[in-house]
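Colleague: Below, each chain spelled out in residue letters.
Protein chains: 2
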Amino acid sequence: MSFRTPVALPKSYLLLNHGPLTLVSSAAGGRKNVMAASWAMPVDFDPPKVAVVIDRNTLTRELVEASGEFVLNIPARHIAREALEAGSRSGREGDKLAALGLGHAPASQVGAPLIEGCLGWLECRVLPEPDNHRKHDLFVAEVVAAWADPRVFDNGRWRFHDDQLRTVHYSAGGHFFATGEGFDIPI
Amino acid sequence: MSFRTPVALPKSYLLLNHGPLTLVSSAAGGRKNVMAASWAMPVDFDPPKVAVVIDRNTLTRELVEASGEFVLNIPARHIAREALEAGSRSGREGDKLAALGLGHAPASQVGAPLIEGCLGWLECRVLPEPDNHRKHDLFVAEVVAAWADPRVFDNGRWRFHDDQLRTVHYSAGGHFFATGEGFDIPI
Chain A
1 MSFRTPVALP KSYLLLNHGP LTLVSSAAGG RKNVMAASWA MPVDFDPPKV AVVIDRNTLT
61 RELVEASGEF VLNIPARHIA REALEAGSRS GREGDKLAAL GLGHAPASQV GAPLIEGCLG
121 WLECRVLPEP DNHRKHDLFV AEVVAAWADP RVFDNGRWRF HDDQLRTVHY SAGGHFFATG
181 EGFDIPI
Chain B
1 MSFRTPVALP KSYLLLNHGP LTLVSSAAGG RKNVMAASWA MPVDFDPPKV AVVIDRNTLT
61 RELVEASGEF VLNIPARHIA REALEAGSRS GREGDKLAAL GLGHAPASQV GAPLIEGCLG
121 WLECRVLPEP DNHRKHDLFV AEVVAAWADP RVFDNGRWRF HDDQLRTVHY SAGGHFFATG
181 EGFDIPI
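Going line by line, the protein sequences match chains A and B. Straight run, no breaks: the first sequence in UniProt numbering ends on number 187. Straight run, no breaks: the second sequence in UniProt numbering ends on number 187.
Some hints here could point you the wrong way.
In this list, chains with the same sequence are indistinguishable; a pair is considered to hold if it fits within one copy or across any two.
Derived SDA-like pairs: lysine to any residue, alpha-carbon spacing no greater than 25 Å straight-line [stated by the list, open to error]:
| id | residue 1 | residue 2 |
| --- | --- | --- |
| 1 | LYS135 | ASP55 |
| 2 | LYS135 | ALA99 |
| 3 | LYS11 | ASP162 |
| 4 | LYS11 | GLU116 |
| 5 | LYS135 | ARG125 |
| 6 | LYS11 | GLU85 |
| 7 | LYS11 | SER88 |
| 8 | LYS11 | LEU100 |
| 9 | LYS11 | GLY173 |
| 10 | LYS135 | ARG157 |
| 11 | LYS135 | PRO186 |
| 12 | LYS11 | ALA98 |
| 13 | LYS135 | ASP154 |
| 14 | LYS135 | ASN57 |
| 15 | LYS11 | THR58 |
| 16 | LYS135 | ASP44 |
| 17 | LYS135 | GLY182 |
| 18 | LYS11 | LYS135 |
| 19 | LYS135 | ALA66 |
| 20 | LYS11 | ALA178 |
| 21 | LYS11 | ALA145 |
| 22 | LYS11 | ASP184 |
| 23 | LYS135 | SER67 |
| 24 | LYS11 | ARG151 |
| 25 | LYS11 | GLY87 |
| 26 | LYS135 | GLU65 |
| 27 | LYS135 | LEU9 |
| 28 | LYS135 | ARG61 |
| 29 | LYS11 | HIS136 |
Bear in mind the hints are in silico, worked out from the structure with no lab data behind them.
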């Protein structure tokens, strides 16, 4: 976890704006967990907010409801296998982080851990919206701290060089896309 | 609009699962419009639902609230410039579709048009959730029909070949990423 520098909150949406796969980490009552979530997006700039779908049958849901907190971790391609497994195993079967060999470090504002092998981290506090939780498994949360790997995210911009240090986008059935070629259109 | 075949509704989330940039098209009272939205994602499989953020100051918001409908269009790289402009001009200044030179065709279930130069289309009906609209500019909608360009989406899977016929992911300030290299991890 040595490659991690703070991201100013009004720029934190940029970590997520391009739609990468995320890992949702959580902790409560001495337990912690991680699951994969493609269904995550920004919903506001400042204060920054995100929305994420967390299925009601998951351990993550239980821990997020108990703590009111989670971290959206943005995995690098080199842990795509672990991310896929994080989305297919249940944390109820045992410590999933340990089983996957995923290291983690303490967050600054929430109890959920920051997952190693990721390139961006959004520490989040859930807004009390029981209707969204019940009807859509949808959690809107305020981002209270954010971090990025300065090798690939600097001054509000992703700059990918190494193929393994790219964010990824998940399709289905074990099929991913790497975040591809960057290009600019003059505004 | 000759490259458009139906996508079965339970597979329609796959059009959006990898987090591409979308164009939200809308129509009401003889007016129509298009805007760019990166903040769009699936929220359920079957019946399929999506969530999208539509700012309260936009013409799109007015048309979506009046009609209860929109289409999420998934643009190809070759119209990235038009997508960027769709996100920076207001439809209140005149017919934005005409100004951008974007062709369109009638949808099957909703009044909003299907935008040409796109690779996927999700016809959507808004759920009545005034709290989400008011608090977060967030619209949850049911997908009632879906379409894809069979050159790049077949049997529930994106298969990109041509660089210009790829979906894109938007960062900020005119900076995009193309959807990159596909890779598989055995489940």
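Colleague: Each hint should be assessed against the structure and marked as holding or not.
Modeller: Outcome of the hint check:
1. LYS135 / ASP55: Intra 11 Å, inter 23 Å, cutoff 25 Å: intra and inter.
2. LYS135 / ALA99: Neither. Shortest intra-copy (32 Å) and inter-copy (40 Å) distances fail the 25 Å Cα cut-off.
3. LYS11 / ASP162: Within one copy, since 23 Å is at most 25 Å while 33 Å is not.
4. LYS11 / GLU116: Close inside one copy (21 Å), not across copies (33 Å); limit 25 Å.
5. LYS135 / ARG125: both (20 Å within a copy, 16 Å between copies)
6. LYS11 / GLU85: between (30 Å within a copy, 22 Å between copies)
7. LYS11 / SER88: Between copies, since 19 Å is at most 25 Å while 32 Å is not.
8. LYS11 / LEU100: So LYS11 and LEU100 fail the 25 Å test inside a copy (31 Å) and across (29 Å) alike.
9. LYS11 / GLY173: between (33 Å within a copy, 12 Å between copies)
10. LYS135 / ARG157: neither (35 Å within a copy, 28 Å between copies)
11. LYS135 / PRO186: neither (42 Å within a copy, 33 Å between copies)
12. LYS11 / ALA98: neither (32 Å within a copy, 33 Å between copies)
13. LYS135 / ASP154: neither (38 Å within a copy, 31 Å between copies)
14. LYS135 / ASN57: Intra 14 Å, inter 27 Å, cutoff 25 Å: intra-copy only.
15. LYS11 / THR58: Cα proximity of LYS11 and THR58: across copies only (23 Å, versus 30 Å in one copy).
16. LYS135 / ASP44: Result: close both inside a copy and across copies, 21 Å intra and 10 Å inter.
17. LYS135 / GLY182: neither (37 Å within a copy, 34 Å between copies)
18. LYS11 / LYS135: between (30 Å within a copy, 21 Å between copies)
19. LYS135 / ALA66: Answer is both: 18 Å inside a copy and 24 Å across each meet the 25 Å cutoff.
20. LYS11 / ALA178: both (23 Å within a copy, 22 Å between copies)
21. LYS11 / ALA145: within (11 Å within a copy, 35 Å between copies)
22. LYS11 / ASP184: within (19 Å within a copy, 32 Å between copies)
23. LYS135 / SER67: both (20 Å within a copy, 23 Å between copies)
24. LYS11 / ARG151: Within. Shortest intra-copy distance 17 Å satisfies the 25 Å Cα cut-off; inter-copy 37 Å does not.
25. LYS11 / GLY87: between (28 Å within a copy, 19 Å between copies)
26. LYS135 / GLU65: both (15 Å within a copy, 21 Å between copies)
27. LYS135 / LEU9: between (29 Å within a copy, 20 Å between copies)
28. LYS135 / ARG61: Both: 14 Å inside a chain and 23 Å across chains, each within 25 Å.
29. LYS11 / HIS136: between (27 Å within a copy, 18 Å between copies)
When the structure is compared with the earlier hints, violations turn up for hints 2, 8, 10, 11, 12, 13, 17 and for no others.
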